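Note that the protein sequences, when read in sequence, are chains G and U. Residue numbers for the first sequence follow the working numbering, so the first one is 1243 and each next one is one higher. Residue numbers for the second sequence follow the working numbering, so the first one is 4 and each next one is one higher.
Bear in mind the hints are in silico, worked out from the structure with no lab data behind them. A portion of the hints provided could be inaccurate.
[Stated by the list, open to error] Just a few of them, taken from the derived set where beta-carbon distance is under 8 Å, the chain G residues facing chain U:
id, residue
1, Ile1245
2, Ala1256
3, Thr1332
4, Ser1444
5, Ser1448
6, Asn1451
7, Arg1491
[To be verified] Chain U is nowhere near these chain G residues, computed Cβ spacing over 10 Å in every case:
id, residue
8, Arg1244
9, Leu1281
10, Gly1382
11, Phe1427
12, Leu1429
Only a predicted model underlies this, so the values are computations on that prediction, with no experimental measurement involved. Glycine is no exception: its CB is placed at the ideal position from the N, C-alpha and C atoms.
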Amino acid sequence: MRIFLTLLRRELGAFFLSPTGYVIIAAVTLILGLTYDVLITNLLGDKPQEMPITELFYASYIFWLIVLLIAPVITMRLFAHEKYSGTFETLMTTPVNDLQVVASKFAASIIFYMITWLPMLACLYVVRHFTNQHESLDAGMIGGTYLGIFLVGCLFLAIGCFASSLTRSQMAAAMVSFVLGIALFLLSFLGGAITSPENWTSEVLSYFNLFDQMHNFSRGVVDTKAMIFYVSLTFFFLFLTLRAVESRRWK
Amino acid sequence: MIEVKNLSKRYAGRHAIRDISFSVNRGEIVGLLGPNGAGKSTTMRILSCFMPATSGTARVSGFDVFHQSEEVRRRIGYMPENNPLYPEMRVREYLKFRARLKGLGWRRSRQRVDTVMEQCSLTGVSRRIIGQLSKGYRQRVGLADALSHEPELIILDEPTIGLDPHQIRAVRELIKNLAGKHTVLISTHILPEAEMMCNRMLIMYDGKVLAADSPENLQRLMAGSSQIVAEIAAPAAELREILSQMQGIESIDVSASDGEFHRCAITPRNGYDLRPAIFAIARERGWVLRELTRNRHSLEDIYVQITKPDEEE
């Protein structure tokens, strides 16, 4: 545990000791700001909005754009850069075990990822402050939204960790995790396209409907089916990462 | 301390090391000597548990590097080739992080970091960012890291590469001072360096250990083929005749130099040192002797020398 915390501190530090971390936060804040602008325009429209505010924020494609883009950028460095610069060798020849390394890198990336979403709280606060209907933005909805962001993030960051553990090149790691992420995301629409006969395929595909699942989270609806889906896939990819890190002992 | 038995490593069809065996005793400073690609780094990586061997066993203070790798890693301080560091961290911060990784407690890591920084003269740069340090300082940070948990065995892969002569001297002094307290395994491709620092040298070539002995013994072995060059002012025929009557001479080659000087290249038998005898002859005859040297062998010659019997088989 002590070693895990030491590693976690250094991994988190790495985000903030180099410009990369700040660039990512700035980029996410910019995109969030644009979404916020869309939201305000919608709220000021003539017709009353039926959708909850958080849903307006996150049922949009922009949310997915952020997740799909930043997860590879956050994770590409984790293993690939250490392998490239050789520090992987100094790291793995200390008495740390592979699980501690994988866990600390993943934990650091998810903590950093959640930090990049913090500016959104300010946007929500402003909306809440300047509307007279406070119930339109309650704690459950915000909590659900953040839980959704967290779970989706876990999954995509785990994919990124796995991609990074496969290669020495950060570019290759980013591309692999981006492609895997996009493929997984597009399964959401495949389900919609072939629903006509209700059989097991559509049943299975409904589990992969990330888009609808996020939709539910942003309404404050926490579905255990979705939670189990995210958590188990996250563990699956972290397991693959662990195997990839161990694999240098098989060669 | 180290026991290596029949160790082999193959990378995709190519042998990096083949069937090497050697052992190192506690407190020794052992140099792994060889040209690039001889398998030095591979051997060190296996000993430091970074990668497994294809076959054979290696033990460090009785623990197998594959099956008891954590125990082994606790006992070694390893500095890889090119000394990779985290460039964004500060010196003290980095050393402390590494000491904690190696399982040292909060207090102990602070003490040890202070000690090794003193030992490697890093105290003045403790707050500097590693990426902005000179190569010499960075090398010392790597060394300090390898020493920080007082390991029984220190493995240094090319610790003096890319340093200026002054820095090389400092690093050598540092390594020499480790003798006795720690066992040290160093790789290098510079012969005089190994001679200066090590109690014993292992010469590697093409994945095999060709010779393992003390620098003095190896020197004797190598001297066998060393050549003596003498420039003497005397008639060529007379020179050839008198010199070839000397004891312990294998062959002689006389060629004309400028003026009345002749250049004699003499190969002695069994490393016999003929220089005093040549001087005696010159004095006796009243010949002018303007040069008398024994060619010291470069590392390259030694490889050639040692690999020769293999090729003839």
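Hold the hint about Asn1451 (chain G) up to the distance rule: shortest CB distance to chain U must be less than 8 Å. violated (41 Å)
Whether Arg1244 (chain G) stays farther than 10 Å from all C-beta atoms of chain U, as the label says: It is violated; Arg1244 (chain G) is separated from chain U by about 7 Å at its closest Cβ, not greater than 10 Å.
Does Leu1281 (chain G) clear chain U by more than 10 Å, comparing its Cβ with all Cβ atoms of that chain? Given that every Cβ of chain U is farther than 10 Å from that of Leu1281 (chain G), nearest at about 37 Å, it holds.
The hint names Thr1332 (chain G) as touching chain U; please verify it with the least Cβ-Cβ distance against 8 Å. Cβ of Thr1332 (chain G) sits 6 Å from chain U, so the hint holds.
Holds or violated: is there a CB of chain U closer than 8 Å to the CB of Ala1256 (chain G)? Holds, about 7 Å.
Checking hints one by one. Is Ser1448 (chain G) an interface residue toward chain U, by the C-beta closer than 8 Å rule? Not OK, violated: Ser1448 (chain G) not within 8 Å of chain U, min 45 Å.
Beyond 10 Å from every chain U Cβ - status for Leu1429 (chain G): holds (37 Å)
Chain U contact restraint for Arg1491 (chain G) - C-beta distance below 8 Å: holds (5 Å)
Using Cβ atoms only, decide whether Ser1444 (chain G) comes closer than 8 Å to chain U, and label the hint accordingly. Status violated, d = 46 Å.
10 Å Cβ clearance of Gly1382 (chain G) from chain U: Fine: 41 Å to the nearest Cβ keeps Gly1382 (chain G) off the interface.
Checking a non-interface call: every C-beta of chain U should be farther than 10 Å from the C-beta of Phe1427 (chain G). Is that right? Consistent with the label, Phe1427 (chain G) stays out of reach of chain U, its closest Cβ about 33 Å off (over 10 Å).
Measuring from the C-beta of Ile1245 (chain G) to each C-beta in chain U, is the shortest one below 8 Å? holds (6 Å)
Violation of the numbered hints given earlier is confined to hints 4, 5, 6 and 8; the remaining hints are satisfied by the structure.
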